[in-house]
Amino acid sequence: MKKIVFALLLFMGINGFSQTKSELLKHYEAFYNEMRLQGDVNGIIGALTHLNVLSPSKERKDTLAFVYMNNGQHMQALNTIGIEANTTDSDLAVQIKAVSLKALNQPKRALEQFEELYKREPSPYVAYEMADLKIQTGDIAGAATNIEYGIANAKDDMLYAFYERQQPYEVPLKAAFYHLKGLVDFNQDRNNFDLAIASIDEALKIAPNFNLASLSKQALEARKKEGTTEGN
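Residue numbers for the sequence shown follow our numbering, so the first one is 18 and each next one is one higher.
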């Protein structure tokens with residue numbers, strides 16, 4: 018009799034827990050939808066975190082990491098889904114890892130993720146990130162290959178954002194590639210300032226407001242002038 022009573026109590030406890038869990042899932046799903054409607058990022062993060070605790074899923078983790086990334090919380094994004102390169106990751110997870118690792122100044126690890134994205138679906142945007150990171154890590158020949166692809170495939174309506182000024186701005190992606198080409202030209206031959214400047218001029222023809230390209234051109238012209246002065 019005691020065994021029957023214990024089994025009955027255990028069943029009731031499990032059933033009660035199941036109902037409570039189901040109710041909590043419904044609550045946090047509704048809460049998540051409401052926070053999305055209100056645009057409350059902290060609320061969205063809280064709801065997704067509770068949902069992942071109650072019913073873990075890869076898709077929810079990816080979504081939570083994406084929200085963190087979009088909110089500039091790159092360390093939290095990586096803590097959610099990890100930093101390892103994994104061919105079984107969703108495209109979204111690979112993108113989150115790539116962007117967050119780049120933001121955290123981890124160019125080699127970021128490049129690994131962007132290369133995985135590029136394998137899955139080549140695009141001028143991914144090629145730009147790869148070229149930029151390859152310049153940073155010293156793979157100039159690899160960067161040149163990505164830049165060549167980017168200049169050939171970037172469409173006129175493709176834009177890229179820059180943040181070195183107080184006010185962010187956008188330029189055509191092709192102009193951004195020509196700026197990188199100028200940097201590659203200089204790294205390939207540090208005595209040929211004119212070639213590097215000519216590439217940056219191409220960028221400025223496309224985007225006269227391209228502040229970063231203007232700064233690079235000024236730096237190259239100053240170095241060229243210093244070299245001329247020293248030669249005299």
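Hints may contain errors.
[To be verified] Quick list of in silico lysine to aspartate or glutamate cross-link-like pairs, EDC-like style, CA-CA up to 16 Å:
{"hint": "1", "residue 1": "78", "residue 2": "46"}
{"hint": "2", "residue 1": "222", "residue 2": "181"}
{"hint": "3", "residue 1": "119", "residue 2": "132"}
{"hint": "4", "residue 1": "136", "residue 2": "108"}
{"hint": "5", "residue 1": "38", "residue 2": "76"}
{"hint": "6", "residue 1": "222", "residue 2": "173"}
{"hint": "7", "residue 1": "75", "residue 2": "108"}
{"hint": "8", "residue 1": "78", "residue 2": "106"}
{"hint": "9", "residue 1": "78", "residue 2": "108"}
{"hint": "10", "residue 1": "136", "residue 2": "106"}
{"hint": "11", "residue 1": "78", "residue 2": "101"}
{"hint": "12", "residue 1": "125", "residue 2": "101"}
{"hint": "13", "residue 1": "119", "residue 2": "129"}
{"hint": "14", "residue 1": "75", "residue 2": "106"}
Just so you know, the hints here were simulated from the structure itself, not pulled from any lab data. The structure displayed is predicted, hence computed values, not measured ones.
ask   = Regarding the pair residue 222 and residue 173, is the alpha-carbon distance no greater than 16 Å?
value = Between residue 222 and residue 173 the Cα gap is close to 13 Å, so the pair holds against 16 Å.
query = If you draw a straight line from the CA of residue 136 to the CA of residue 106, is it 16 Å or shorter?
reply = holds, 13 Å
message = So if I understand the rule, the pair passes when the alpha-carbon distance is 16 Å or less; does residue 119 with residue 132 pass?
response = Holds - the C-alpha atoms of residue 132 and residue 119 are around 13 Å apart, at most 16 Å.
task = For the pair we were handed, residue 78 and residue 101, check the Cα-Cα distance against 16 Å.
result = Distance ~15 Å between residue 78 and residue 101 Cα, so the pair holds.
query = Are the Cα atoms of residue 78 and residue 108 separated by 16 Å or less?
reply = Holds. Residue 78 to residue 108 sits at ~13 Å (cutoff 16 Å).
inquiry  = Holds or violated: residue 136 and residue 108, Cα atoms, limit 16 Å.
reply    = holds, 11 Å
query = Within a Cα-Cα threshold of 16 Å, do residue 75 and residue 108 meet the stated pairing?
reply = holds, 12 Å
ask   = Straight-line Cα separation of residue 78 and residue 46 no greater than 16 Å?
value = Holds, because 14 Å separates the two Cα atoms, which is no more than 16 Å.
request  = Measure nothing beyond the straight line between the CA atoms of residue 38 and residue 76; if it is 16 Å or shorter, mark the hint as holding.
outcome  = This hinted pair is violated, its Cα atoms lying about 19 Å apart.
request  = Take a quick look at whether residue 119 and residue 129 sit within 16 Å of each other, Cα to Cα.
outcome  = holds, 11 Å
Residue 222 paired with residue 181 [C-alpha distance capped at 16 Å] = Distance ~20 Å between residue 222 and residue 181 Cα, so the pair is violated.
query = Between residue 78 and residue 106, does the CA-CA distance stay at or below 16 Å?
reply = holds, 11 Å
The earlier numbered hints that this structure contradicts are 2, 5.
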